[in-house]
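Enquirer: Here is how the chains run, residue by residue.
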Amino acid sequence: MAVKVFGFVGSNATYRVLASLYEKNVDFELVTVNMAAWEHKRPRFLARNPFGQVPAFEDGDVSLFESRAITKYVAEAYADKGTSLKSKDLKKSAIEGVWAEVEAQKFDPATAKLTWELFFKPLFGMTTDEAVVEEFSKKLEPVLDVYEARLTECKYLGGDSFSLADLHHLPNTQVLMGTKVKSQFDARPHVSAWAADILARPAWVKVTSLLPK
Amino acid sequence: MATSVTVYGPPLSTAVSRVLVCLLEKDVPFQLVPVSMAKMEHKKPDFIKMQPFGQVPAFQDDDITLFESRAICRYIAEKYPTQGTAGLYGTNPLVKASIDQWLEAESQSFNPPSSVLTFQLVFAPRMKLKQDEALIKLNEGKLVKVLDVYENRLGSSRYLAGDEFSLADLSHLPNTQFLVDKTDRAELFTSRKNVSRWWSEISTRPAWKKVVEMQNA
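Line order of the protein sequences matches chains A and B. Just so you know, we're using the numbering used here here: the first sequence kicks off at 1 and counts up by one. Just so you know, we're using the numbering used here here: the second sequence kicks off at 1 and counts up by one.
Take these hints with a grain of salt, some might be off.
If you want the footprint, here are the derived chain A segments under chain B, 3+ residues with CB under 8 Å [stated by the list, open to error]: (1) 72-82; (2) 87-97; (3) 102-108; (4) 144-151.
From the structure, some residues in chain B lie toward chain A, with a derived Cβ separation under 8 Å [as the list claims (entries may be wrong)]: (5) K39; (6) I64; (7) L66; (8) E68; (9) R70; (10) P93; (11) A97; (12) S107.
Simulated from the structure, these hints should not be mistaken for laboratory data. We put the CB at the ideal spot given by N, CA and C, even for glycine.
Bound-form chain A, shown alone (with noise of 0.2 Å):
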């Protein structure tokens, strides 16, 4: 198969990875790297992405890491495919890449950090620190407020239609829905709203159920 994604069920990072790849239709093999064995911190996955972190990502002769590169690349490859990710308007895209660069600088150190502390920690038999989720989960609500405000203005994040600054949210929301962070979100209606849209896509789903039960 052309597109291979080496990641692991369980890395945010690797999610957000197939979502797109689910919205545009295309077809790839998930390769499981073993974090349990280090095998990411191992030459052979190092020369797919020498930071040592899921996901790497190949597609014919395309290598790439970093997973907010690969969405794009996806998006860009495989424009005329699926689901529009990335719109073809200079003016939009820019806006769009406005929010997905909050995304990438705001949204995600406060929400990932709480993903480790509720839900991971746990899962791996690890104390959750609850002075640290009490710190980020402030951190999280200015960026929510924000959230609100702009979704009061238009459907998704990047303008009226759903791109990749909406889908890099995905993984993270997913699990603290599943979290008491879930209230920051019901406590926004327009965020709520937004959120529950985003996580009910039929591509998003199709990403959920390759999770364990």
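Chain B: place on chain A using the hints.
Expert: Chain B in isolation, oriented as in the chain A frame:
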């Protein structure tokens, strides 16, 4: 000269300088509107309308308003692909993907520790704030790991994304300039042969030298 591009923010801000160097590399005329952080101008309603997080820079071109320096840089490079430095965002999709990859690496791996170090070592003393030694040590450790990856990469590639200077290299200019020029941690960069060679090349580009002049004015 009538110009459609306006950048709001002080040139000393790393994010503002990232946008300025991109505009200069692309020969795009612009006007720079100062924003006094000391007077909290970036938190006032007129500014918040442009940048809802109350941070610099904000950017306007014709009828659109943008924020987030890396998004602004991508827009400039896409709007003016053949003007100024042509290869800034690649001249074909495969190179563009490589540039996006290393720009994300800068954003996700290089920026966090180098920003903390820049703040702790350069700005905290200026603002008479106490430095956090534990935080400095932690982030130096993180930055070293990233620079080791760069050292390896730049041994087989002239620039991060390939043979030509691109947005991926450009994005590193602001934080690195501070760390090399205004702290005693320059050797993090200069002691690594390939990183040092790369830094020397990218930091002496005329566009970046002009931005540094603006910062020191």
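Enquirer: So, for every hint listed, does it hold in this structure?
Expert: Structure-based check of each hint:
no.	hint	result
1	72-82	holds (count 4)
2	87-97	holds (count 6)
3	102-108	holds (count 4)
4	144-151	holds (count 3)
5	K39	violated (21 Å)
6	I64	holds (5 Å)
7	L66	holds (5 Å)
8	E68	holds (4 Å)
9	R70	holds (6 Å)
10	P93	holds (6 Å)
11	A97	holds (4 Å)
12	S107	holds (6 Å)
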